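Count along the sequence shown from 1, then add 1; that gives the number in the numbering used here.
Each hint should be verified, as a subset may be incorrect.
What the hints assert, rightly or not - Pair by pair, the computed Cβ-Cβ distance ranges are:
no., residue 1, residue 2, range
1, Q279, Q186, 46 to 52 Å
2, D32, D53, 53 to 59 Å
3, S36, L182, 20 to 26 Å
4, M322, D25, 17 to 23 Å
5, A49, W171, 17 to 23 Å
6, A49, A23, 20 to 26 Å
7, S4, D257, 36 to 42 Å
8, G172, E321, 16 to 22 Å
9, S121, R282, 37 to 43 Å
10, T310, S36, 34 to 40 Å
11, S4, D25, 20 to 26 Å
12, A117, S29, 16 to 22 Å
13, E194, G172, 20 to 26 Å
14, D257, R208, 22 to 28 Å
Just so you know, the hints here were simulated from the structure itself, not pulled from any lab data. Since the model is a prediction, treat every value here as computed from it, not as a measurement. For every residue, glycine included, the Cβ atom is placed at its ideal position computed from N, Cα and C.
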Amino acid sequence: MDSLDIRLFRAMFPGNVMAIRAFDPRLSVQDLARSAGLSRVTVRRRLARWRDEGFWRNVVAFPNPDALGTSFQMQSVVLEPGRTRSRSERALIDLLEPAFLFQSDDVYNPLFLAEAREISDRRQGRFREVNGSHVLCPPLDFPFVSSSMTLGLRDWKIIRSLRRFPGPDWGAVANDVGVSLRGLQRRVARLMEGRALFFFPDVDFRRSPGSVAWVGIMFGKGADTVRLETEITQRFPNLFRVDPIFPFEHVLPPSDRPPIGGRFPFFLPVPSASSGDQLRRDFLTLPGVVDVVVGFPTQNISLPRAFDTRIEAAIHGLSEMDSSVSSRFNA
Numbered sequence: 002m003d004s005l006d007i008r009l010f011r012a013m014f015p016g017n018v019m020a021i022r023a024f025d026p027r028l029s030v031q032d033l034a035r036s037a038g039l040s041r042v043t044v045r046r047r048l049a050r051w052r053d054e055g056f057w058r059n060v061v062a063f064p065n066p067d068a069l070g071t072s073f074q075m076q077s078v079v080l081e082p083g084r085t086r087s088r089s090e091r092a093l094i095d096l097l098e099p100a101f102l103f104q105s106d107d108v109y110n111p112l113f114l115a116e117a118r119e120i121s122d123r124r125q126g127r128f129r130e131v132n133g134s135h136v137l138c139p140p141l142d143f144p145f146v147s148s149s150m151t152l153g154l155r156d157w158k159i160i161r162s163l164r165r166f167p168g169p170d171w172g173a174v175a176n177d178v179g180v181s182l183r184g185l186q187r188r189v190a191r192l193m194e195g196r197a198l199f200f201f202p203d204v205d206f207r208r209s210p211g212s213v214a215w216v217g218i219m220f221g222k223g224a225d226t227v228r229l230e231t232e233i234t235q236r237f238p239n240l241f242r243v244d245p246i247f248p249f250e251h252v253l254p255p256s257d258r259p260p261i262g263g264r265f266p267f268f269l270p271v272p273s274a275s276s277g278d279q280l281r282r283d284f285l286t287l288p289g290v291v292d293v294v295v296g297f298p299t300q301n302i303s304l305p306r307a308f309d310t311r312i313e314a315a316i317h318g319l320s321e322m323d324s325s326v327s328s329r330f331n332a
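Input sequences plus hints: build the corresponding full structure.
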């Protein structure tokens, strides 16, 4: 990644902060160009390059877990050096069934839909049997915005179709659901404004021409976090902030570090993956910093099974309800 990539990412997320709940796929090339201070030709060429190189894979729609009667949990799996990755990836996908997978060179952070305790315990046990030598951190509640909207049958069909035609391909979705394009846009706007529908991009950092580091800085209690964040931002103007809601320090080994009072995670373009140790040493010299995590992301991807089975169940249940009401009315 380079400074132009970072400017585009900042333009895509409100407040210039990447968050799983904040991406708006309706932004046009003109919107992005205006927000990033770039020409439309430059934006169009860079987006085409992302797709051609496989860096930008898709934009995936998903419902608020509230609508499914569940919530998000995050878990970390710390890989041992030298272990093959393919077996670990299969085990995560097949056994833990995450909805999203945020993956770096040595840590997997799967995001789950919270299950009943007995199901969760069974999956955890099966995973340990297959990958017992990995460090499996306990699942943690993942804070997410709530929604009070009740989704109807057409809403669920739109969400299902958006997942069938990621991108999103608005024309294909409208045709699939049987609504006009304008009608689809109005309903999607209502669902997004009601915090019932969200979008997040699938990206493959391995396809990026340059290296990018994920840096998580932890401040001690009483530290002047505003001053520290300002200093870091001024020193590294190309950094791209990440929502700090996840307590990422639990992937570190136990230590006698002072209590943590705040977190400041971000992406940072770097010359190469060999600069991680130096970055950590540099950030630890800042006053108030008690620890630093540096990793190199490989991909942020969605995995369809967890959401799709529940979406189909919601559609089936509402369809049966409509049929029952129609039968009683006709009788």
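Results for each hint:
{"no.": "1", "hint": "Q279 - Q186: 46 to 52 Å", "in the structure": "holds, 48 Å"}
{"no.": "2", "hint": "D32 - D53: 53 to 59 Å", "in the structure": "violated, 22 Å"}
{"no.": "3", "hint": "S36 - L182: 20 to 26 Å", "in the structure": "holds, 24 Å"}
{"no.": "4", "hint": "M322 - D25: 17 to 23 Å", "in the structure": "violated, 32 Å"}
{"no.": "5", "hint": "A49 - W171: 17 to 23 Å", "in the structure": "holds, 19 Å"}
{"no.": "6", "hint": "A49 - A23: 20 to 26 Å", "in the structure": "holds, 24 Å"}
{"no.": "7", "hint": "S4 - D257: 36 to 42 Å", "in the structure": "holds, 38 Å"}
{"no.": "8", "hint": "G172 - E321: 16 to 22 Å", "in the structure": "violated, 30 Å"}
{"no.": "9", "hint": "S121 - R282: 37 to 43 Å", "in the structure": "holds, 38 Å"}
{"no.": "10", "hint": "T310 - S36: 34 to 40 Å", "in the structure": "holds, 37 Å"}
{"no.": "11", "hint": "S4 - D25: 20 to 26 Å", "in the structure": "holds, 23 Å"}
{"no.": "12", "hint": "A117 - S29: 16 to 22 Å", "in the structure": "violated, 43 Å"}
{"no.": "13", "hint": "E194 - G172: 20 to 26 Å", "in the structure": "holds, 22 Å"}
{"no.": "14", "hint": "D257 - R208: 22 to 28 Å", "in the structure": "violated, 40 Å"}
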